[in-house]
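There are 2 protein chains.
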Amino acid sequence: MSGESAFIETLRALAHHPAARGLLDDTAVLQVGSETMVLTHDMMVEGRHFLPSQSPADVAWKLVATNLSDLAAKGAEPLGVLLGYMLADGRDEFAEGLSEVLDHYGVPLLGGDTVSGGPPQAIGLTAIGRATHSPVPSRSGASVGDGLWITGQVGAAMLGFEALRDGTEEDSTTYRRPMARLAEGEALAPLVTAMMDVSDGLLLDAWRLAEASQVSLAIDSRAVPIAASEARRLDALRWGDDYELLFTLPAGTEPPVPATHIGTVEPRGFVPLFLDGEPIANHSGLGWEH
Amino acid sequence: MSGESAFIETLRALAHHPAARGLLDDTAVLQVGSETMVLTHDMMVEGRHFLPSQSPADVAWKLVATNLSDLAAKGAEPLGVLLGYMLADGRDEFAEGLSEVLDHYGVPLLGGDTVSGGPPQAIGLTAIGRATHSPVPSRSGASVGDGLWITGQVGAAMLGFEALRDGTEEDSTTYRRPMARLAEGEALAPLVTAMMDVSDGLLLDAWRLAEASQVSLAIDSRAVPIAASEARRLDALRWGDDYELLFTLPAGTEPPVPATHIGTVEPRGFVPLFLDGEPIANHSGLGWEH
Chain A
1 MSGESAFIET LRALAHHPAA RGLLDDTAVL QVGSETMVLT HDMMVEGRHF LPSQSPADVA
61 WKLVATNLSD LAAKGAEPLG VLLGYMLADG RDEFAEGLSE VLDHYGVPLL GGDTVSGGPP
121 QAIGLTAIGR ATHSPVPSRS GASVGDGLWI TGQVGAAMLG FEALRDGTEE DSTTYRRPMA
181 RLAEGEALAP LVTAMMDVSD GLLLDAWRLA EASQVSLAID SRAVPIAASE ARRLDALRWG
241 DDYELLFTLP AGTEPPVPAT HIGTVEPRGF VPLFLDGEPI ANHSGLGWEH
Chain B
1001 MSGESAFIET LRALAHHPAA RGLLDDTAVL QVGSETMVLT HDMMVEGRHF LPSQSPADVA
1061 WKLVATNLSD LAAKGAEPLG VLLGYMLADG RDEFAEGLSE VLDHYGVPLL GGDTVSGGPP
1121 QAIGLTAIGR ATHSPVPSRS GASVGDGLWI TGQVGAAMLG FEALRDGTEE DSTTYRRPMA
1181 RLAEGEALAP LVTAMMDVSD GLLLDAWRLA EASQVSLAID SRAVPIAASE ARRLDALRWG
1241 DDYELLFTLP AGTEPPVPAT HIGTVEPRGF VPLFLDGEPI ANHSGLGWEH
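As given, the protein sequences belong to chains A and B, one line each in that order.
The numbering of the first sequence is the numbering used here, which starts it at 1 and goes up by one.
The numbering of the second sequence is the numbering used here, which starts it at 1001 and goes up by one.
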């Protein structure tokens, strides 16, 4: 793993160019004339990010929705996507799911590349957006005294995954076809001090927000709306794939969209995260690290 | 192959969105406020587009340079790249080559994604540019009476590939580390009626330009500057990877950069391409189709 880290550090160093405020594995913000562009790229690999047994239409939906979710966290309006598609079985179903998700969000496929190769199949997607508010929200702006908020609820994707895995009748839509909170992100962008989407688990992503902002976050676990039973509350807080927006607002500011107050921003303590007053000593086990 | 074609047709249909003038496997042009963005995405797969034995630094160079060449053909100034990197051996060498090519062109790495998976390794790159001239040059604007021109010479990449393959002392730089004709593309953009880069072979790419413009091109094979011996002239015309710019200019217009007049644009005949007066009946064998 240290080899990987060194490589990622090298790439991060390359990304520290004055023209760019983005970093690898994060969303890039690029000023072009009077416009502020927001750019994100994700790669999904068969067997890692999706299973060969999964519906290619659902894979296409998730690939697009998760990239659009990155734009939502920046309050950006999506302008289009570029696709890198390694040809494989299920290509018609993939194109169908792609068509559905692009229609749903009114986003065009601008171009891309199709290649032979694999297995495993690898698919890349670049989403291009335009910031609707400047400065563009980041993870690093949370201030002591701010409130911590989240849209929607967490745990629905977990239940969807388990329904699929166990072949039950429960609804798996939230896991298979997540929604990007684009309208909410745009409405929140002018108000938030920090914002990100919850892709890898509420606790892990909150940890990252705290680290980026150099503050501590105190979360009231019972305040977090969950889609699961009370017995699964901690699981729901650790599960990812919900793509809700996690954000901080100055005290007294009410969000213009449905959201729940789940904690507060505190001075940087000896750990970045407190759950119900208990310090969280390290981030292993808080969510999905990849 | 018909399955692949149907898929690509489906993706092409998706790309026919009013907001987009680009098509899959081609460069996308996107109007954002007062700015015209040019976007391209390429994926390279180990064993298809590069060999496991190839230097990862050279792979990085080629991935970036070929995407920048797509921008050059649009007269676009590169603003940055996003990388989708599947972790594999040789990552430090890859990062080094990436650093070299980005430094060479003064282009920042804006962001991207690193994933586990493979083999085979798949690597994707998205290049973002800003058009320096509007309308942005395309393949489809060649008019009857225009002259057909090319920058530089063809065949050097072929010789470089053969030197590598045969382990000779010949210089393989042009094959391993192609150059994107960015300055030339920018200078030519206001003047050309059509422009593209020669990536898959002069004859095949000229065929595509003729098809897109609905004209025929008459090429004088002896006029084409080649890096190879006279005996290899036809091979050089069919080989790709040279990344020179192929373009059409109105009769009487001289190019502002070093280039060679190699033919003329004629009314659409029964074939799109005539070589030394001989009709080329189909495009198989003209270059590298993938």
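Calculated from the structure, these hints are not laboratory results.
Predicted model, so just to flag it, every value in this text is computed and none were measured.
Treat the hints loosely; a few may be bogus.
[Claimed, not checked] Restraint ranges, calculated between C-beta atoms of paired labels, are given here:
#, chain 1, residue 1, chain 2, residue 2, range
1, A, P135, B, F1270, 58 to 68 Å
2, B, D1166, A, S134, 19 to 29 Å
3, A, T260, B, S1140, 31 to 41 Å
4, A, T260, B, G1033, 33 to 43 Å
5, A, Q214, B, E1100, 29 to 39 Å
6, A, S134, B, T1168, 49 to 59 Å
7, A, T260, B, T1173, 21 to 31 Å
8, A, V257, B, E1254, 31 to 41 Å
9, B, L1051, A, Q31, 49 to 59 Å
[Claimed, not checked] Negatives, chain B to chain A, calculated, CB over 10 Å:
#, residue
10, A1006
11, T1010
12, T1027
13, M1044
14, L1051
15, G1084
16, M1086
17, D1092
18, H1104
19, G1112
20, D1113
21, P1120
22, T1126
23, S1134
24, L1164
25, R1208
Every residue, glycine too, gets a C-beta built ideally from N, C-alpha and C.
Hints, verified against the model:
1. Against the hinted window of 58 to 68 Å, the Cβ-Cβ separation of P135(A) and F1270(B) comes to about 60 Å, which satisfies the hint.
2. Taking 19 to 29 Å as the suggested C-beta distance range, the pair D1166(B) and S134(A) does not conform, at roughly 56 Å.
3. Between T260(A) and S1140(B) the C-beta distance comes to about 53 Å, which lies outside the given range of 31 to 41 Å.
4. Judged by the Cβ atoms, the range 33 to 43 Å given for T260(A) and G1033(B) holds: they are separated by roughly 35 Å.
5. At roughly 34 Å, the beta-carbon separation of Q214(A) and E1100(B) lies within the given 29 to 39 Å, and the hint holds.
6. Look at S134(A) against T1168(B): about 56 Å separates their beta carbons, and that is inside 49 to 59 Å.
7. About 60 Å separates the C-beta atoms of T260(A) and T1173(B), a value inconsistent with the hinted range of 21 to 31 Å.
8. Between V257(A) and E1254(B) the Cβ separation comes to about 60 Å, which falls outside the hinted range of 31 to 41 Å.
9. A hinted range of 49 to 59 Å is violated for the C-beta pair L1051(B) and Q31(A), which are about 39 Å apart.
10. The claim that A1006(B) is not at the interface with chain A is violated, since a C-beta of that chain comes within 10 Å of its own (minimum 7 Å).
11. Against chain A, the non-interface label of T1010(B) is violated: not every CB pair exceeds 10 Å, the least being about 4 Å.
12. At the 10 Å boundary, the C-beta of T1027(B) falls inside the reach of chain A, the nearest C-beta of that chain being 7 Å off.
13. With a cut of 10 Å on Cβ distances, M1044(B) falls inside the contact zone with chain A, its closest approach being about 8 Å.
14. Every CB of chain A lies more than 10 Å from the CB of L1051(B), the least distance being 13 Å, so the non-interface label holds.
15. With a cut of 10 Å on Cβ distances, G1084(B) falls inside the contact zone with chain A, its closest approach being about 4 Å.
16. Taking the minimum C-beta to C-beta distance to chain A, about 6 Å, the non-interface status of M1086(B) is violated against the 10 Å cut.
17. Not every C-beta of chain A lies more than 10 Å from that of D1092(B), the closest at about 6 Å, which undercuts listing it as non-interface.
18. Interface exclusion of H1104(B) from chain A stands, the closest Cβ pair being 13 Å apart, more than 10 Å.
19. In this structure G1112(B) is not separated from chain A by more than 10 Å, as the shortest Cβ-Cβ distance comes to only about 5 Å.
20. Chain A draws D1113(B) into its interface by the beta-carbon criterion, the shortest separation being 5 Å against a cut-off of 10 Å.
21. The Cβ of P1120(B) does not lie farther than 10 Å from every Cβ of chain A; its closest approach is about 6 Å, which violates its non-interface assignment.
22. Here T1126(B) does not stay apart from chain A, with its beta-carbon only about 4 Å from theirs, under the 10 Å limit.
23. The Cβ of S1134(B) sits about 13 Å from the closest Cβ of chain A, beyond the 10 Å cut-off, so the non-interface label holds.
24. Here L1164(B) stays apart from chain A, with its beta-carbon at least about 21 Å from theirs, past the 10 Å limit.
25. Every CB of chain A is more than 10 Å from the CB of R1208(B) (nearest about 16 Å), matching its label as outside the interface.
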